[in-house]
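**Q** Listed below are the residues making up each chain.
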Amino acid sequence: GDSVTQTEGLVTVTEGLPVKLNCTYQTTYLTIAFFWYVQYLNEAPQVLLKSSTDNKRTEHQGFHATLHKSSSSFHLQKSSAQLSDSALYYCALGNNYAQGLTFGLGTRVSVFP
Amino acid sequence: NTKITQSPRYLILGRANKSLECEQHLGHNAMYWYKQSAEKPPELMFLYNLKQLIRNETVPSRFIPECPDSSKLLLHISAVDPEDSAVYFCASSQARDWGGANTGQLYFGEGSKLTVL
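Order-wise, the sequence lines are chains A and B.
Terminal number for the first sequence in our numbering: 113, no gaps in between.
Terminal number for the second sequence in our numbering: 117, no gaps in between.
Hints in this document: simulated from the structure, not taken from any laboratory.
Remember, it's a predicted structure, so these values are computed and weren't measured experimentally.
Heads up, the beta-carbon is just placed ideally off N, CA and C, and yes, glycines get one too.
Check each hint, because a few of them may be wrong.
[To be verified] Using C-beta positions, here's what the derived DEER-type ranges look like:
(1) B:P8 to A:S110: 43 to 51 Å
(2) B:V59 to A:L17: 27 to 35 Å
(3) A:P113 to B:I64: 42 to 50 Å
(4) B:V59 to A:G9: 24 to 32 Å
Put together the whole structure using the sequences plus the hints.
**A** Here it is as structure tokens:
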């Protein structure tokens, strides 16, 4: 089956500095899609970024990620972290068999002034 | 997000029976129940595609899903256990349409927080 690995459980960053969250995956399917979900306190997960195209940069709300099938990665980055970015971030993988998404364990981001 | 509504939003139970309700107004053909325990990712419980239950995870038998029509989803819980304390999210997606990056994206409802005494 599919698996998604997020290596950092907690990332702390100073406001204005860059932040990077790692995501790697394993899958046996050829047709796949990737998502970054963000979950704020006491809210539901909501999609932040999505991609199914190899080597194409995807951007939204100052965040960006590029799917690299050669390295099985979909890292999330932002050049300047904001206090409002403090949240839980999940990397997720979907395949074309309508089995739902496979989530990583999540990375909590804490941005300090 | 008012496009997927869940009720009730909060419930506190002893060993009682209760049902969670969900309705989506996105025209999606797949609906899901996810369980999220504290500091853990959402875990898939049940998946309905066009009202057919096509994936049932190893969930305790006291959880019984029901899909009365393609836009509604119910989760019946009987004799809850303290380990059932969690937030239960309903979600939907447009499955089997892989023409672009929108496909397979899950849209979550606000969640129903269950506290078992």
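**Q** Could you run down the list of hints and mark each one as holding or not?
**A** Here is how each hint holds up against the structure:
1. B:P8 to A:S110: 43 to 51 Å: violated, 32 Å
2. B:V59 to A:L17: 27 to 35 Å: This hint is violated: roughly 42 Å between Cβ atoms.
3. A:P113 to B:I64: 42 to 50 Å: holds, 48 Å
4. B:V59 to A:G9: 24 to 32 Å: holds, 26 Å
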